[in-house]
Structures are given as C-alpha cells and as structure tokens.
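Peer 1: My request is simple: use the sequences and hints to build the entire structure.
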Amino acid sequence: MKRDRQTLPIAAIREENPSLRTFRFDTQLEAQAGQFVMLTLFGEGEKPFSILDENADSVYITVKNVGPFTNRLFELQVGALVSIRGPYGVAFSLENKRVLMVGGGFATPPLRFLAKSLRARGIDYLVNVNGARSQADLLYVSDFEELCDRSLIATDDGSLGHRGTSVDVMQDILEEETFDCIYISGPERMMKAAVDVARKYGIPFEVNLERYMKCGVGICGSCVMDPNGLILCKEGPVVGHETLAKVQEFGVSHRDKTGRILEI
Amino acid sequence: MQFLGKVIPSPLTLASGILGISFSSLQRVIRDGAGMVTTKSLSLEPRIGHEGPIIAEFEGGLVNSVGLTNPGIDDGLLEVEKFHNEFAGVSIVSVFGANSEEFVNLARAVNHSKGDFLELNLSCPNVEDEFKRPFALVPEKITEIVTAVKAVSNKPVLAKLSPNANDITLMAMLAEQAGADGLTMINTLGHGMVIDAIARRPVLRNNFGGISGPCIKPLALKLIRDAYKQVKIPILGTGGVSNGLDAVEMMMAGASAVAIGSAVYERGLDVFKITRMEMEAFMSEHGYEDYTDLIGILEEN
Ligand SMILES: Cc1cc2nc3c(=O)[nH]c(=O)nc-3n(C[C@H](O)[C@H](O)[C@H](O)COP(=O)(O)OP(=O)(O)OC[C@H]3O[C@@H](n4cnc5c(N)ncnc54)[C@H](O)[C@@H]3O)c2cc1C
Ligand SMILES: Cc1cc2nc3c(=O)[nH]c(=O)nc-3n(C[C@H](O)[C@H](O)[C@H](O)COP(=O)(O)O)c2cc1C
Ligand code: FES
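Chains B and G, in that order, are what the protein sequence lines are.
Heads up: the first sequence begins at 1 in our numbering, then just goes up one per residue.
Heads up: the second sequence begins at 1001 in our numbering, then just goes up one per residue.
Don't read these hints as lab results, they were simulated from the structure.
These figures come from a predicted structure and were not determined experimentally.
Just so you know, not all the hints are guaranteed correct.
Far from chain B by the CB rule (all over 12 Å, computed), these chain G residues [what the hints assert, rightly or not]:
1. Met1001
2. Arg1047
3. Asn1064
4. Pro1218
5. Val1264
6. Asn1301
Here are the computed lysine-lysine pairs in the DSSO-like style, where the Cα-Cα straight-line distance is at most 27 Å [claimed, not checked]:
7. G:Lys1114 <-> B:Lys257
8. G:Lys1006 <-> B:Lys246
9. B:Lys246 <-> B:Lys234
10. G:Lys1273 <-> G:Lys1006
11. G:Lys1114 <-> B:Lys246
12. B:Lys234 <-> B:Lys192
13. G:Lys1082 <-> G:Lys1141
14. G:Lys1273 <-> B:Lys257
15. G:Lys1006 <-> B:Lys192
16. G:Lys1273 <-> B:Lys234
17. B:Lys246 <-> B:Lys257
18. G:Lys1082 <-> G:Lys1232
19. B:Lys234 <-> G:Lys1082
20. G:Lys1155 <-> G:Lys1141
21. B:Lys246 <-> G:Lys1273
22. B:Lys192 <-> B:Lys97
23. B:Lys234 <-> B:Lys64
24. G:Lys1229 <-> G:Lys1273
Think of the CB as a built atom: it goes at the ideal place given N, C-alpha and C, for glycine as much as any other residue.
Peer 2: Spelled out as structure tokens, the structure:
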C-alpha cells in the first residue's frame, strides 16, 4: 500500500472559470482515473479531491470553490506548500471496448482522465455526453472532442448543444447504439437518473460516488454506505452496477459530518 | 465462548471509534468475522469532531485526533436498533459524558435500546481542552461515575481505562468496587505528535492525538496483567493487537476478549477473520481446546 504523505509546493494554477481552478503538483502518484487524494492545507483541514490527470511529471486536480477549505485553497499562490496523500480508492475499469461516458456539472474531471486512459490502451469506440447548466459551466469540451469518437453536449438552458440533461442525450444514444459499459460521473440525482436508464437498456455501468470522507483509508467510518456497509473511500469511489444494487442509500440519503442521516 | 453472559462466536471485537458510526458498518464487521462490535463513543449531542488530518501514521502505529465525531445518543441508538433488527450480533454501546450526570442520562437512554453492553469511555484524550482531565486519571471520578451509572443501568457496564493514569490497577480496582461488570483496557496512550519536517508542522490539524497500534502492545499486556491479578471482573483487552499471536498473548495476560482498532487500517476488515484463523492455528498446534483456556494462563518468572 502506497500511502506516504507528500509535502510539496503548488507547481501551477490554472483558472478554468471564476469558481473552478486546476492545481498542478510535480510528483508521481501512479494514479488511475477515478482515484482521489486527500489534500491538506496547513492550519485549515484535509479534504478529498479526484485526480484530473497524471503524466510523467505532474498530477492535477480541479477544484470548485464551495466553502471554507476551497476558499482557502483559492487564496494560495504558486509555490505555497500543501500536503497530499494517496492515491486512494478503486478506479474505473479499463477493459471495455465500446464505451459511453455520461458526465454532469463539475464531476467530469475523472471522465477526462478516463477517456485519456482508455485511448492510451486502445479502445474501439468512445462516446461522451457532457452536461451542465449552461455553456459557461461546461468543462473540457475540446479535450473530450479530441479524445472521443463522438462528443455530445447538453445544457439545461440550451446555450450549447442539446437543450436538456446529459441523461436525455444518453437515452437518445441508447436508442441507436449499444455499449459494453457506461461510465457515469455527476451530481447524485443525475447519476440516479442515468443509472435507471442504463438498467432499462440492460447495460453494465460504473458510477463515481461522493460521501463525506475524513480519513480516506477505511478507519473513521464517515463514508460508509447503507445498508451493506460499503466503505466508499476504500471500496469506491467508483462502484459497479452489481455492488450499487446493494447500496440502497444511493440517490436517497447520505450522512453528515457527525454521521446523522440526511435526505438527498 | 461467552463474554459477560453473552455467547460470542469469537473473542475478537471491533474497538470503539473504528468505522462504528452506522449500523451498516457494525453489521459489516460482524459479517466479516468479528465476535462483537463496539460503537463509536456517543455523547448527548452530536459532535463534528476535529478538522482533518485526524490520523497520522508513524512506524509504530497511528496517532489520532478524531475528536469524538458522533451523531449523538438519539441517532446513535437508532443505529444500534437497526443493527439488532433481524441480525445476530453482540453490541457494546460506548458513551462519553462531560460529568457523571451526563453519563447517567446516557446510561438511561441505552437502557431502552437493544444494545448488549454499555461501555463508559472515561478516557478519551482528544477533547481535553473541552473536558479537562480525563476521568480515568482521577480515582474519585471513576468511583463517582461508575457508581452513578450502575445505579440506573440495566446493562452490564464496562469501564474503559486509560494507560495515562498514574496507577491504572488502582483505577481497575475502584471501577470493580463501584460495581463495574467488566473493564476495557487500554485506550490510546498519551498525547503523541507526528511532525512534517518539510512543512515544520504537526501532521494532525489538532497538533496531537492518542497513540495506538503495535507500539502500545507491550504496555497494554503489562497493564492488563496487573489488573487481571487484582480484579475478578472480565477484561476486554485492547491495544496494538494485529494478529492471532498478539491476541493469544493478550488473553494469556488476562483478557477475556480482545478488541482490535488500528490493525483495521493495516490489514483491512479481513483482520477479524484472519486473526481468528491465526489464533485457532496456534491453539490447535499447542493443545488449547477453547479460547477460554487461554485466559490469564501466563506464568510469570
Ligand atoms: C471522492 C471524492 C472526490 C472529490 N473530488 C472533487 C474534485 O475533484 N473537485 C472538487 O472541487 N471537489 C471534489 N470533491 C468534493 C470536495 O471534497 C468538497 O467540495 C470539499 O471538501 C469542500 O470543502 P469546503 O470546506 O470548501 O466546503 P464545505 O462548506 O465544508 O462543504 C461544501 C460541500 O462539500 C462537500 N464536502 C465537504 N467536506 C467534505 C469531505 N470531507 N468529504 C466529502 N465531501 C465534502 C459536502 O457535500 C458539502 O456540502 C470530492 C469529494 C469526494 C468524496
Ligand atoms: C481512529 C481512532 C478512533 C478512536 N475512537 C475512540 C472512541 O470514540 N472511543 C473510545 O473509547 N476509544 C476510541 N479509540 C481507541 C480504541 O478503541 C482503542 O482503545 C485503542 O486504539 C487501542 O487499540 P488499537 O491499538 O488496537 O487501536 C479510537 C482509536 C482510533 C485509532
Ligand atoms: S473516510 Fe474514513 S472510512 Fe472512509
């Protein structure tokens, strides 16, 4: 198990849009798409982030500014020291040859990494549906166009691509074509809708889940899912269709920082 | 075998604070081979606990400063009820109060639950700023809290003791005199610190925390042995057990059952199944028929 904590400077910061930034760290984690790191900001806290990409020199994460921790991260400049540990968790599988990816909102970074990894392994056919509220919120449009055989877009307000959700577009595609596997990453409501469609067409799928994570290594219990006790930080965050069928809280409830159950 | 009158399939128990927030994880740990499970310590009100990092590893084990994150006694006991719903498994409900009155209220709440045992966490080192000196270090507090809880509780009561006490054997004897039905020992050691030299910072957000894992095993064995010689009530041993031989040693020192915490980090949840197999292999090789044959059989030089 590789679990060294590494303390290192932020090597570069790129602004994707006003609330979204990509941070580069010059280190190697040997991470795979879907895995995450725990990032420490000294004197602030420690939080989980998906790995956007890794190449021979660097690791990248993309962060949305949503609260105290991410606010603090957005105040930091290149050269500021932080600490990361990982990679943790189960990655997306890479065996499939005909693949559909369905992404929503800010949860697309792992899919971009996945598309790159699938291409590198040699895939027959790769289709991506990228959904967001509006054109300004869409991420990595040109990257997906480059990496995929077909790259489709859905926006709630119709400002680019299909007007509607990525799940609507997914449904249209499945009327015409079939796939070995569908990879889904997005807000949980969107993933729930996508899972229902995937099941209707009888196609295996993998989803990228999020739960409150504090230790990242399967000891504190904060990310454990009901009722089968899936330890998401170790046995996820990517979960396949067979396991997901046992996770009844999917799309229904999650637990807060204290462990109390909240509805989604 | 039995522990405090309950039949358990194995002496190996989930220690408090490891995964034990929800019924799902408690059931999971039983399915994965534990003989009993302990809940996270529950307080009257929900607690968020400390910011991360909450755990830091070092060569000898872990230093943690979780800070008693828990959903509060009401929601916590709902989890205990769900745990016991059409499910066979023995539970220890761990509680943590700021004074004996709170402990009494917690014990009353647990009376109405299906929880099998009540464990008093008298010794959490992670919230001293809030709660001052842990009760497990103060002889009069042990007597006061255990006496008060025993007066109202209808569950067998375990007092969880701290290795930081000047004389933990005295604490064990006082707990027994006050009516405790069993002891859990030991909780985490000291306050320890893990330092990140590059950052010139402690790794833990809270700077320091309780030490657990292999490095505290020799201390746990000695303290359990000392207490075993002075009290008649059973001891749930804990501290640095990560394999079958460790568990055998702890039972020989005097533990009637053994709780595993930090080793879940090292070995995953399989630790319960594997440790049990390792214990059984040792026992059959050396002619022990039952787990209970091991309890306290150490011969001192
Ligand atoms: C496996 C995983 C991968 C993630 N990947 C990314 C990513 O690539 N990019 C990104 O921007 N965000 C990602 N997140 C979410 C990210 O961890 C939170 O946005 C961040 O912790 C917010 O902290 P805050 O203090 O700024 O906001 P807060 O105000 O504390 O929280 C805002 C929201 O963030 C979520 N959150 C807060 N703390 C945690 C935590 N410890 N664990 C999980 N969720 C939390 C909660 O939903 C909360 O409602 C990921 C979460 C998980 C579990
Ligand atoms: C992450 C973590 C959280 C813990 N939380 C609690 C707790 O809530 N209540 C408690 O009584 N003990 C708690 N403990 C102490 C353990 O139950 C156990 O007594 C101690 O860790 C020694 O056992 P070990 O070496 O097998 O971990 C915690 C320990 C760890 C590592
Ligand atoms: S985050 Fe602690 S068990 Fe998963």
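Peer 1: Now, for every hint given, state plainly whether the structure supports it.
Peer 2: Hints and how they fare:
| no. | hint | verdict |
| --- | --- | --- |
| 1 | Met1001 | holds, 25 Å |
| 2 | Arg1047 | violated, 6 Å |
| 3 | Asn1064 | violated, 8 Å |
| 4 | Pro1218 | holds, 23 Å |
| 5 | Val1264 | violated, 6 Å |
| 6 | Asn1301 | holds, 37 Å |
| 7 | G:Lys1114 <-> B:Lys257 | holds, 25 Å |
| 8 | G:Lys1006 <-> B:Lys246 | violated, 31 Å |
| 9 | B:Lys246 <-> B:Lys234 | holds, 16 Å |
| 10 | G:Lys1273 <-> G:Lys1006 | holds, 20 Å |
| 11 | G:Lys1114 <-> B:Lys246 | holds, 25 Å |
| 12 | B:Lys234 <-> B:Lys192 | holds, 22 Å |
| 13 | G:Lys1082 <-> G:Lys1141 | violated, 33 Å |
| 14 | G:Lys1273 <-> B:Lys257 | violated, 30 Å |
| 15 | G:Lys1006 <-> B:Lys192 | violated, 43 Å |
| 16 | G:Lys1273 <-> B:Lys234 | holds, 19 Å |
| 17 | B:Lys246 <-> B:Lys257 | holds, 23 Å |
| 18 | G:Lys1082 <-> G:Lys1232 | violated, 34 Å |
| 19 | B:Lys234 <-> G:Lys1082 | holds, 24 Å |
| 20 | G:Lys1155 <-> G:Lys1141 | holds, 21 Å |
| 21 | B:Lys246 <-> G:Lys1273 | holds, 23 Å |
| 22 | B:Lys192 <-> B:Lys97 | holds, 24 Å |
| 23 | B:Lys234 <-> B:Lys64 | holds, 23 Å |
| 24 | G:Lys1229 <-> G:Lys1273 | violated, 30 Å |
When each numbered hint is compared with the structure, violations occur for hints 2, 3, 5, 8, 13, 14, 15, 18, 24.
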